[in-house]
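Trainee: From first to last, the protein sequence lines stand for chains B and P. If you count the first sequence from 1, you need to add 1244 to reach our numbering. If you count the second sequence from 1, you need to add 306 to reach our numbering.
Be aware that one or more of the hints could be misleading.
Chain P side only, calculated, beta carbon under 8 Å to chain B, not exhaustive [said to hold, decoys possible]:
#: 1; residue: 363
#: 2; residue: 370
#: 3; residue: 405
Rather than coming from a laboratory, the hints here were simulated on the basis of the structure. Glycine included, C-beta positions come from ideal geometry on N, C-alpha and C.
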Amino acid sequence: MGTFSADHAAHLRPGHLLAAELARSQRAAVATLPVLRHLLANDGPSLVSEAVVARVRGMLRDLATQLHAGGRGPAAVSDHAATEIDALVVQLGVHEALLAHIHTLALESQLAERFEQRLSLDPVLSPLLQELIASDDQAVAELSMNVLAAQTRFMQSQRRMELPLAELPADLFRTALQIGANRDQPGSAAGLAALMASYDEAATRLALLERLVVAMRRAVVACLAFDRAGLALFAQGLAALAGMERAGAIHACHEQQSPRLALGLRAAGLDLAGIERQMLLIAAPGGWLADIAEITPQQARARLGELDAIALERG
Amino acid sequence: MEQAESFAAARGLTDERDRLLIADTPLALLQERCGGSLPGTLAIPELLEQVQHARAIGLRIARAFSAFDGEDMISGFVRINPRGIEAGGGCELLVESWQRSPAAFASSHALAHYLDAIDRASAEITLRLDARQHVQTIGVLSADGAGLADALAAQPGALWSDLIALPDIAHRRPLHWRLLDGAACEVPGSARNWRARLMPIAEYGGGREPLGFELLLIADESLAEEATPPASATREDSRLFARTLTPALRQPLARIAANAETIRARLAGPLHQDYCHYAATIANAAQHLAGLLDDLADLEVVEAPGFTTLAEEVDLVDAARKAVGILGVRAHDRRIALHVAGADGTVLARAEFRRVLQILINLVSNAIAYSPEGSAVWISAVTTENGRVAVVVRDEGPGISAEQVLRIFEKFERLGRDSAGGSDKGSGLGLYIARLLARAMGGDLSVISREGEGASFMLELPRAD
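One chain only, chain B, in its complex shape:
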């Protein structure tokens, strides 16, 4: 966001247009090789694998198509419409928070599929969710059923590389609609207004998961058993207990991020044995794991906060 608005400021001053454009192309040229090397790297899964990039692109295109249709449902896409959708994809992709959200979703579904292969862990219905559905507490049971339905829809739409607009968190939903409303398309304003009126964040999968974890109260520690909770509930519970963002918790479950996962589990209050047990399921820990015992949960929480702050500054 920061660099983006700075570029805008530069545009306002005459004579700087060329300089700004040169700087941009220079950045693009410099970035090419690292990105290429990253994509070509064959040593295990990467945070930005081709599969993830494809999913991100697919979801952006799906969002753009929905915005273009303005809530009127899929229509026959003419050549002219295809150009417009292409333009929307670019505009959506420029928005960092939206892009980060979509990337996290792509990563989550990819990880869930990988854990299904490795641990036979159903990406939709985990043993913990099954228990929650059978809960004596009617409200928890009902909420769990809604989570199950939302998780099913999520995995299905991920396989189709789709993302319904109404599944976006409120702020990103608004961002997307604003981008969609910028076009001079007759009749689209009414369609977007209808989309806004029918939107309810509480119905999104992420809100349902958060709500379920809050409703579990102290029992939320059950989410920290990865092989029982499954990725979706594990990440939600870890976020709640360690004071992280859910996206951060998902990223931490990636094999390249195991130190962050260990730190998160420590912040959530697990001891070394507990951390080790989870780490063995999720990502092979390195020799550094014993160091975790030296860090108190409070310190771990502070360290995570520092890491997030650094990430924000870079972004």
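For chain B, the structure is supplied; the task is to place chain P on it using the hints.
Mentor: This is chain P only, laid out in the frame that chain B set:
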């Protein structure tokens, strides 16, 4: 100590200015604990932020939230449904999965953040200052802040401390902001006491001098109470306890005592014996504090210049009987017999009945507290040699030494005594107040005692003719 309140949701309704209009009990209670009223601006900063956000983006949102209510962290899940302009422009709130857990602040930084948020939510006047503490903008929410806004309009860009008097701070030139943060201040045109919070607006990530300040003025008392000024307003300033603190503290203290009592009696569920004892200690401490507040409020009334008592005919035997009736249960608990000597209507004083009773209750309850179990306390009304009347309260306790007799009526004097009864730990004000009252009625309060022989307190009063 987690207390799951309920899964059931609490509903609330706010208007277009984020005032909470209607709220179910749990939400109303949280609002009250955070210093708000009903109806009144949403006082829970975390919820206020979400409600404002939902209104701004015009979308239904759903989030987990947690708030500090002054004692505990309250967490839950809130759904906010902004209603359209045609429906009033407010929001509908639905809070569920309430959970209460002891406040654990990761750092003092987090606590400071909460306190800042509370001050921001309760400030009635907010100003923005530049780096040299000159006023840039002002926002006023209460009527008595208009004077300040006018003064500022006449003197744009003035130094804030030139407009707002800081009675506790001698230097008027701009001081370092840290010295001014939290200072008491007087707002022109307002009779209320105010407190200033000066919060620096720092450059992002910078450790240098702030770019400017946010100045919050927070009133110590609400305007509503001032709408009915007491008749003798000039003298009221000195009555801090009677006017302000006692009513404000009585309710929370009563709540502490009642909750602790609930825990002690295991009404909220089974509990380990040790915790029952702790709860009993809490309940006792709260009762003690409540008693101390009453004493302090009394003291202010009695010590105020121009304090007078009524001069009515008081039957001292009748007064003694009433005091004994009131304290009968306490005496029974400690198996202490209370004896009143004399027949009704035989000893009459010219005094104020209510005050005489107050003094006698104080004397008799002291006697009960400091006497050994199974002993007796004698209360007799007599006519003295100098033509006055008196009530004598005599106990069989350990007595008071000659040196202690000299100090016993002093303010806050407790003589290092611990009552045998345990539950009556006085403020050290009772006898001081009692003597002041006796003297205000033209009488006196004295003690005769020798160590090891019990004590006799004598309340002397003028005789009714």
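Trainee: Against each hint, give a clear statement of whether it holds in the structure.
Mentor: Hint by hint, here is what the structure shows:
1. 363: 5 Å, holds
2. 370: At about 5 Å, which falls below the 8 Å cut-off, the nearest Cβ of chain B leaves the hint on residue 370 of chain P intact, so it holds.
3. 405: Nearest chain B Cβ about 5 Å off; hint holds.
When held up to the earlier numbered hints, the structure conflicts with none and fits them all.
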